[in-house]
Every structure is written in C-alpha cells, then in structure tokens.
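2 protein chains.
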Amino acid sequence: MKRAMYFLDQKDMPTHWYNIQADLPEPLPPPLHPGTKKPLTPDDLTPLFPMELIMQEVSTERWIEIPEEVQDVYRTWRPTVLHRAYRLEKALDTPAKIFYKYEGTSQAGSHKPNTAVAQAYYNKQEGIKRMTTETGAGQWGSALAMGCAFFGLELKVYMVRISYDQKPYRRILMETWGASCVPSPSPDTKAGRDMLEKWPDCPGSLGLAISEAVEDAVTRDDTHYSLGSVLNHVLLHQTIVGEETRKQMEMADAYPDIIVGCIGGGSNFAGQFLPWIRDKISGEKPDLRIICVEPESCPSVTRGIYAYDFGDSAATAPIVKMYTLGHGFIPPPIHAGGLRYHGMAPIICHLHRLGLVEAVAVHQTAVFEAGVKFARTEGIITGPEPCHDLKVTIDEALKCKESGEAKTILIAHSGHGHFDLAAYDRYLSGQLEDYAYPEDEVKKAQAELPEV
Amino acid sequence: MKRAMYFLDQKDMPTHWYNIQADLPEPLPPPLHPGTKKPLTPDDLTPLFPMELIMQEVSTERWIEIPEEVQDVYRTWRPTVLHRAYRLEKALDTPAKIFYKYEGTSQAGSHKPNTAVAQAYYNKQEGIKRMTTETGAGQWGSALAMGCAFFGLELKVYMVRISYDQKPYRRILMETWGASCVPSPSPDTKAGRDMLEKWPDCPGSLGLAISEAVEDAVTRDDTHYSLGSVLNHVLLHQTIVGEETRKQMEMADAYPDIIVGCIGGGSNFAGQFLPWIRDKISGEKPDLRIICVEPESCPSVTRGIYAYDFGDSAATAPIVKMYTLGHGFIPPPIHAGGLRYHGMAPIICHLHRLGLVEAVAVHQTAVFEAGVKFARTEGIITGPEPCHDLKVTIDEALKCKESGEAKTILIAHSGHGHFDLAAYDRYLSGQLEDYAYPEDEVKKAQAELPEV
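Same order as they appear, the protein sequences are chains A and B. Letter by letter, the first sequence follows residues 842 to 1293 in my numbering. Letter by letter, the second sequence follows residues 842 to 1293 in my numbering.
So here's chain A without its partners, still in its complex pose (with noise of 0.2 Å):
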C-alpha cells in the first residue's frame, strides 16, 4: 500500500509557534513611524493592537506557546493533511518524490484562520469587544469573520467595492460568520465620506479600505484593527504549519531537497519554510533550497528595491525595509488577489538578502496550466495563489526527470479555489490574460519611496 495522505494526530498537534527572530543570524531593521520616521515603539501601536501581538512582533523568544484557546479552535480542523502526490508524480514520469501540506480543509479554505484565530483570541482576553479590518477578494475576512465567531466578537469588514460588488460569495461567507461586511469607500468614515464626496462611484482599493478600518478601530475604545499577512506575529502564527509538516515528513521518512511556495504579503509560504530555516541557518542542511514564487506581473522580491517603503499604498501604515515595487504601484488584476501586495513581508525579504531564500517569477497562464494538470491528477481545485507553486513544482520535477535525481519537493499548499473557478473558465475557453511585467509603472513607483 502506498499511503498517500499522512495524519497527525491531535494530541501530537504542536503546541508552540516557532520564532525565527531567535534564530536570524543578523536582526530585523525596525520598523519606523509613518509620521515622524523614527522607530515605531509599542505605544504607537497600542490603538490598533493588543500588546501580546505587538510584543510577539518584536519578541526574540524562540517558541512562544500557543494559548489553550486557541489550540482548542485549531482542533476543529487541524492539523491538515500532508499529501504524497502520487499521481501527479507518475503523470510526470519523474522520480521527484512530491508532497504537500493542504490548508484547504479549513473552514475558510486557506491558511488564514491559523491567525484568524489567534488575533481573535488575543484581542477578546484584553477586553476588546469589536474588531475591524479590510478585505479585497474576501479571503481574509472571511478567515477573521470565522475567528471573531468563535471568540464572539463583533466584526467588521471594509471590502473593496468593486470586489464587493462582482465576487458576493466571500461576502456571504463573512455574514454566514455574523460579521458585516460594507463597500469601501462606505459612508462610515470620514476617509470613505470624503473619496464619495470627490467620487461617488469609487470602486475603492486596498488603500483606502486599510485606512477606513484603521479610522474605524482607532476612534473607538471597544475596537482594535488585525492585519492578515505581512507583520512578524502573522508570520508567527502561521509556524503551526510547518511545525506540522515536519512532524508528518518524519512519518514519511523523508525530508525535503526543495520547499516552494508563492508569496504576496508572504505568510502562508513562511508558515511552512520558517520551521525548516532554521536547519539552513544551523548548517545542517546546508543544501535545502528554499523557492518563492511570483506573478510575472507583482515580482516584488525578483524586481523590488530592498529599501523603507510604506506598507499601504494610501502612505499611512508603519514604513518597513522590504522589497517594494513602490507603494504607489498597481498590479495589474490578476486572478490570484492574494499576491497583489507591492512589498514582502520583511522576514522574508530579510533571509533573501542573507541568501537563505530564493525566488522566481511566473506567467499567470502557465500558472493555470499547472493547475488543470494537478486537478486532474490529484483532483484537488488550486486557489489561483498556491497554483503558482504548482509551476514551479511541476519545473522542478521535470528537470529532475532529466537529470535522473529523486528530489524530495515540498509544496506548501494554501487553499482551494471554489470561489476562483471563473479563472479556470477563462483559462480552458483560451480567454486568460497574460502580463508582462510592467516595468515602467514600477519604475514610477520605486520614484516615490519615502526618505527616512
């Protein structure tokens, strides 16, 4: 029999996220103040955040434990499944060993509730009643509405209108959760009444729906903000799947030669590789490639400068060092929204510049292709985010079936794509857009970064 699916049982469930700021060989640049560009401090902070987040951001602890709260929410549907591709590997004829670790059997269908969940948890222990945050497609505030549910707090979610207005399934996932969800711009802040005053048909943008949910939890004492992606604590939270997998490749007997992921803000991929890093780091396995894929047409790592850039396109969140395509730029629309982000999350782009990570840009319609040939043989419908991993996948084990190595690949694979089938129309009736990198517009971007 060959076991194609590897479980872990619950009471083997890691009970601590994983820290890599124990384990950087040189520290983070901080992080410094919109307004007066010298380094944030908690204080600036408080309004938005609870302190255990805002410590876990800066903490160097190496294993920080996951609350029994939260462990109990994990449990409805961790830990996932870690995948022995079988079928894909025979339909490639290569001698790849292919695996991956699937966060798609969350209840939102990704990775996000991993700190969906924890965010909720720790605003609710310090007494905040009412939460906020932005959405584009919906992914993560669908995630968060499904964490606030279980804590019992209230949520709401500015959403970008035009996504608002053309995608209502994560829309109605949120209010199935019991949060609210409105249109951004929206009349209940002075930001979104100022955009519809100059312009009632807005369709918004991430931007403006960021500094509307900040408006919101900053003028209200009952209610914080929680970000989905990008910050150190989210990265954090994500370790539980790495941690996870280590443990199931064990099961295995196996251990991976390549880990690939896609990156937008850059949590879901560090949730998986930051558990394994630290083996690079150590000198143990010096060898293990560790790949970030990218739109063609976002390549905030491949193209970006590593410089301070803001972390919002409106110019008002905390200015981080990252690789930025300039905050002013954007990404043309395609389907994988989740990798629409002009920067990296720091973390990430700090173990690129010390070498440890690699990464790769990829065209939107090899993307698919990689997709319907892994539907097809695995069964399983790729988010249009994770199919750029799929790619890569798929590159890898045919170079491996030239050279004849038995490569063990790991895929971290962030979620389905039931509410993303109108990508996979378009790409089997010929119809999908390609693009190109838009190198002039990133120029005109990288122009304006701010000077600190």
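Do not take every clue at face value.
[Said to hold, decoys possible] List time: in silico SDA-like cross-link candidates among lysine to any residue, alpha-carbon distance up to 20 Å:
#, chain 1, residue 1, chain 2, residue 2
1, B, K852, A, R916
2, B, K931, A, R916
3, A, K843, B, E910
4, A, K1214, B, F992
5, A, K938, B, K931
6, B, K965, A, R928
7, A, K1121, A, R1087
8, A, K1214, B, E995
9, A, K1008, B, A1263
[As the list claims (entries may be wrong)] If you want the footprint, here are the derived chain B segments under chain A, 3+ residues with CB under 8 Å:
#, segment
10, 842 to 855
11, 982 to 995
12, 1013 to 1023
13, 1220 to 1231
14, 1258 to 1269
These are computed hints drawn from the structure, not numbers from a lab. Glycine included, every Cβ here is placed at the ideal spot set by N, Cα and C.
Place chain B on chain A using the hints.
For chain B alone, kept in the frame of chain A given last:
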C-alpha cells in the same frame, strides 16, 4: 486535551464495501423492465452498465472487495475525518455527544466520488472509453468528471439547461476535470432535438437529461451510462463511509444512539447507516435509531405511497418498488437540489417498511437556521442537503438537554456548501422561501403510477 477529530490511518482504511443484501430479513422486491414490466434481467442492463456493476446490483455476498486501483484513488482523500462537535454541544448546552463524519474534504466536496471513482474503474476494466450522465445542479456530474479523469475516460454530461445557465460553477468544475458538458435539451440526441423543435427555449428537466444521456450511451458501443444514487450498487460503494466511521467511533470509545442523515436518492445516508444497521438486524443493538431527514416539500418516505413506480420522470427508467410521490411530481425549487427526487432508494424504503429506519420531514427555513448555527460554532459551511441533518440533530440534542440524557448522535455530513452560498444569502437577508407540503400536486402525480 479534548480530541475533536479522529483520523484513520490509510493502512486501516476498509478494503471491502458492505452489502446489506446479505443481511436483509426479506429480499428486495425485484425491479421491473419499463416496457415489459417483467423483472429486469442482466441482459436488459448491459447496454448501460458494466457486468460487474450489474452483478453488484443483485449480489447477496456480504463483503465485496474494493479493487486495489479504486483504493489507490480513494487514498487521495480518504479516510475522511470523524469530528466531535464540542463547540456545537456547548452552544446548545446539551449533554448529548455529537459526532459528524464529514465528506466535504473530497476534491468534489461531497460523498459522490465514492461511487463515481468505482463506476469509472469498472467501466474502464470492461474496455469502455466514454461515459455519459445527467446532472441537475452539477454535484453528481462533477464527481463523475473527477472519476473519469482519474481513469482516463471521456465523459459527456447532460446538464439541465436552467442550471447550466444559472449555476456555471459546477460546469466549470466538470470542464476543469476534463469532461464535456452540454445544456439539455441539446441538439446532440434525438430526444433533445425533438424537444428543441417543439420548444426552442425549453429550460430542461432531469427526466429529459436522463433520456439524452441514456440515448447517447445505448447508441454508441464505446459508451456506458452512469447513475449517482438510488441503485443498490451506488449505495454499496458509499458504505466505505460507514465502515470507516465504525472504526473511528471505536477510537472515540463511542457507539451512536441515533444516526441522522438527509435522503434524496438515499446513497449518502445509506453509505453511513447500512454498516450500523446490521447490529440492529442482528438484535445486538435493538434501540439504535436511524433517522432519515427529508424536505417538507418533497417527503418521499414520510408521505409517499409504497408502490412500483418509474425511477425517472420520463418513465423510461426501470420500475422499482419504493416510496413515491409519483414520477410526474415536480418538487418545489428548494435549494437542496439533491433532495428533489420523487422516489427513494429501494433499499431504504424496504428497511423503512421493515421498521428498521424512521423518517421525518423539515422546513427549508429551519434547515438554514441550523446551518448558520453550525457555521458559527463548528465553522463549516454546510451544503443545503446536510443542513437537513443539522436541524434534526439540534432538535434531538435539545431533547437531551430537557431529559438530561447524554445520547450519542452521529451525523452523516455529506459535504460543503461552497457553491450554494446564494441560499445562505437569501436566508440571512430574510428572503428565503419556505414551501409547504404540496399535497394536491402529489395526489395528482400519485394517481399516475404504472400498473404492474
């Protein structure tokens, strides 16, 4: 630690389907030929089905081995998880222990692939190159598309036109797995062309789609037809679900007092309860309650006549003894499309006649109320069909709260509702229709039963 998920290792996955026909106190009444009204012979069925499935239809062997190739495919998503619904129990403040076996993690999102994969395999073994089937909303068509992709078979799905136009997502699923899908009535068959000539804008019906799929299959030597529920061999393939659950309940040191599941054609729930009912037949567990849940608007078992009737609305399928609302009955357009069937699997009807299972009918609004409660406690967005289970489970759990009994309730949860969110939207916005029992329409349809 409270273990909320029970995983079964793949080495412990059942290797045999359980055939209830070995243990029935009385044999099933034979199905009849729709033309001659004589008992069907295997020869009548060979244009449609491979011989292995025809033999399984009438087999009285207790255990039927799952072919290794089918097990191999099952292992891409099986064994599925048994959950303990601690959070729902707590919200209900009930001493009842609620478990649910969840089939929503199959790649198609339901229990349907359990038989789709097996049927594709047996057809492939018999040298068949191509299959046909009909589908309403697309749940079955998409599962068979996956099964056929895995065994390299072509598939043509005749999809009821109104669903084809209104619900593109499951069509895209089918196409992603490589099937071709046409709206029925189609110009590709005589049945379709005849209808289009009379009524060019005909919205289609399941009965007509069956006629097209059958005509396509019988007029081509390389093609067979496939059905996704009702038949004995379909229920047989679904017993993998209950056999797994038995092992998992043992891991949880529990045995159900009540098993709850919805019935449309009956294959989902039978797949769960048939492996348990043998303990009731043997006298070992005389008090085991098995509750079949139907929609109030289509209550085949609770309000049907036990009689010989056509399996399809077009009156071309075999005549079987079952509870029926009349093959001409057209159920109201409830969102649980999979429960809109005038009849019921003969095995379930027979067991009900023998007093071994009970049935209850519930209203659509109550069903979605239960679905939302489940979403906000357990997280999972449940399909409209298994939301019926949740309604009755909550009722039974609240009875336990009153009586103080800590009963063990097991739910046959057939899958997610990711493609049914519009129904949740209608419920949450107070616009969900409810439907009373359509007594007059049923009486009219029941007056047209065939004379046998």
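A quick look at each hint next to the structure:
1. B:K852 with A:R916: 23 Å, violated
2. B:K931 with A:R916: Roughly 15 Å between the alpha carbons, so the hint for K931 of chain B and R916 of chain A holds.
3. A:K843 with B:E910: 11 Å, holds
4. A:K1214 with B:F992: Status holds; Cα separation ~14 Å.
5. A:K938 with B:K931: 43 Å, violated
6. B:K965 with A:R928: 17 Å, holds
7. A:K1121 with A:R1087: 14 Å, holds
8. A:K1214 with B:E995: With a Cα-Cα distance of about 16 Å, the restraint between K1214 of chain A and E995 of chain B holds, given a limit of 20 Å.
9. A:K1008 with B:A1263: Satisfied, since the Cα-Cα distance of roughly 12 Å is no more than 20 Å.
10. 842 to 855: holds (count 10)
11. 982 to 995: holds (count 3)
12. 1013 to 1023: holds (count 6)
13. 1220 to 1231: holds (count 3)
14. 1258 to 1269: holds (count 7)
In summary, the structure is inconsistent with hints 1, 5 from the numbered list given earlier, while agreeing with the others.
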